[in-house]
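**Q** Sequence:
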Amino acid sequence: MIELKLEAILNLLKHLGNPHKNLKTIHLAGTNGKGSTSTFISSILSQQYKTAIYNSPHLLEERDSIKINSQVIDNNLYNSIRQKVLDINSKYQINASAFEITTAVAFMAYQQERVDFAMIEVGLGGLLDATNVIDPALVSVICKIDLDHTEFLGNNIRDISKHKAGIIKPGTSVVIAPNQHQDAIDTVKEQAKTCNAPVYFTDKTAAQGEIVFGRFKNAELKLSRRMLGLYQLENIATALKTVEVLDLLGYSIKEESVVKGIAEARIAGRLERIHTKYGDILVDGAHNAGGALALNEYIQTIRSGPITWIAGFSSTKDPKSMLDILVREGDIVLPVKFDQPPGMKWISCYNPKDLVKLHPACIECGDLSTAFEKADFKHQVVVCGSLYLVAELYRFLNLQV
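According to UniProt numbering, the stretch in the sequence shown is residues 1 to 401, in order.
Some hints here could point you the wrong way.
[Stated by the list, open to error] What follows is a set of in silico ranges between Cβ atoms, one per label pair, in the way DEER data are often shown:
(1) Arg114 x Lys91: 24 to 34 Å
(2) Asp186 x Pro306: 38 to 48 Å
(3) Ile363 x Lys84: 42 to 52 Å
(4) Leu6 x Leu86: 12 to 22 Å
(5) Asn156 x Glu210: 31 to 41 Å
(6) Glu364 x Ser321: 18 to 28 Å
(7) Asn69 x Lys217: 15 to 25 Å
(8) Leu397 x Asp74: 22 to 32 Å
(9) Ser321 x His379: 21 to 31 Å
(10) Asn179 x Arg273: 17 to 27 Å
(11) Asn156 x Gln83: 39 to 49 Å
(12) Phe213 x Asn296: 34 to 44 Å
(13) Arg114 x Asn351: 43 to 53 Å
Hints were generated in silico from the structure; no laboratory data involved. Backbone N, C-alpha and C fix where the C-beta goes; we use that ideal spot for every residue, glycine too.
Between the sequences and the hints, there should be enough to build the whole structure, so can you do that?
**A** As structure tokens, then:
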């Protein structure tokens with residue numbers, strides 16, 4: 001079970017010399033969009049600065065959640081810092097969780113490597129998340145808020161938003177992603193007012209194919225991109241406003257850095273096309289209703305016939321609502337399992353046999369190997385339902401992050 005409190009991580013960091021206090025951070029909370037938004041911001045800033053990203057969950061191993069200039073940190077560096085953190089944890093009997101250990105490793109690595117900016121994604125919620133020891137972030141970014149992790153954060157938008165807005169502290173600036181529920185906007189603004197933190201809303205973006213038209217410092221920019229999907233317009237708009245705020249704070253950001261940064265940004269498992277020996281597949285980590293709606297929006301632009309869905313879900317999710325959004329007449333769904341991620345005992349896979357009972361398009365399957373044998377590669381094949389399934393897929397296909 002996850003325990004949402006900060007005592008252990010604060011104690012651990014104190015004995016490590018409080019490395020998080022020596023970093024310039026952009027802190028991101030929200031239900032959907034954190035990974036893409038932080039990737040866009042980092043890609044822009046890395047054109048001029050040394051940048052880092054800390055995200056969760058990791059894909060293949062804990063180390064790949066810690067990146068510097070878009071590259072997973074060196075294995076030797078990771079192991080040496082992690083051992084130091086583990087030694088401190090043991091010596092002082094702190095009993096930090098796996099996520100708290102990795103968070104401390106990230107802060108240590110970023111301090112040691114002297115990064116200019118660190119993008120820090122919240123793991124769960126915000127207020128009591130292990131990353132919320134930053135005091136304060138240069139910019140606190142509130143990405144799209146929706147219903148998710150209701151067993152920990154509450155079952156309505158306002159309660160969930162209170163957790164997300166918990167990253168806002170005196171001395172920070174706040175950027176709010178577009179198309180939010182009004183309850184989310186009101187809650188975030190209330191917290192910002194309490195902290196006397198200025199709030200910035202994004203400018204409008206538009207798309208023509210894969211070209212995006214966005215605003216940066218009152219200039220209209222024509223931006224090419226690798227990251228697919230109309231929903232990325234929201235994440236690009238949020239990233240543009242965030243780097244604009246950094247520019248206002250005195251950190252010069254060039255227009256050409258924005259153009260090149262958006263064009264180069266890439267993140268694994270977000271509307272990613274992968275060529276395999278079986279055939280081409282589309283992979284997306286959509287794991288809640290909001291993610292399913294965004295995925296469906298893109299699918300409708302490319303759908304030319306029936307789709308084979310290879311789907312796996314965490315046991316706490318609502319797979320039926322996602323399948324109802326995605327699946328059309330003639331589609332088939334191949335339910336698959338994924339292994340429990342190391343160090344995440346609270347994560348388990350929704351039993352594929354139970355999925356068959358939930359939706360008429362589901363047929364007996366079980367695992368990725370069987371799914372790839374059954375899939376009809378003459379038509380579109382989509383893998384979705386969980387980032388943990390994306391990780392399982394990467395291992396199955398022997399891919400690197």
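**Q** For each hint, tell me whether it holds in the structure or not.
**A** Hint check:
About 27 Å separates the C-beta atoms of Arg114 and Lys91, a value consistent with the hinted range of 24 to 34 Å. Between Asp186 and Pro306 the Cβ separation comes to about 43 Å, which falls inside the hinted range of 38 to 48 Å. Taking the beta carbon of each, Ile363 and Lys84 are about 50 Å apart, inside 42 to 52 Å as hinted. At about 20 Å, the CB distance of Leu6 to Leu86 agrees with the hint of 12 to 22 Å.
Between Asn156 and Glu210, the C-beta spacing of about 36 Å keeps the proposed range 31 to 41 Å intact. A hinted range of 18 to 28 Å holds for the C-beta pair Glu364 and Ser321, which are about 22 Å apart. Between Asn69 and Lys217 the C-beta distance comes to about 24 Å, which sits within the given range of 15 to 25 Å. Distance hint check for Leu397 and Asp74: the Cβ-Cβ separation is about 24 Å, which falls inside the suggested range of 22 to 32 Å.
Distance hint for Ser321 and His379: a CB-CB separation of about 24 Å, consistent with the stated range 21 to 31 Å. Separation of Asn179 from Arg273 is about 26 Å and conforms to the stated range, judged on CB atoms against 17 to 27 Å. Between Asn156 and Gln83 the CB atoms are about 43 Å apart, so this pair conforms to the stated range of 39 to 49 Å. For Phe213 paired with Asn296, a C-beta distance near 24 Å fails the hint of 34 to 44 Å.
Restraint check, Arg114 to Asn351: a C-beta distance of roughly 47 Å satisfies the suggested window 43 to 53 Å.
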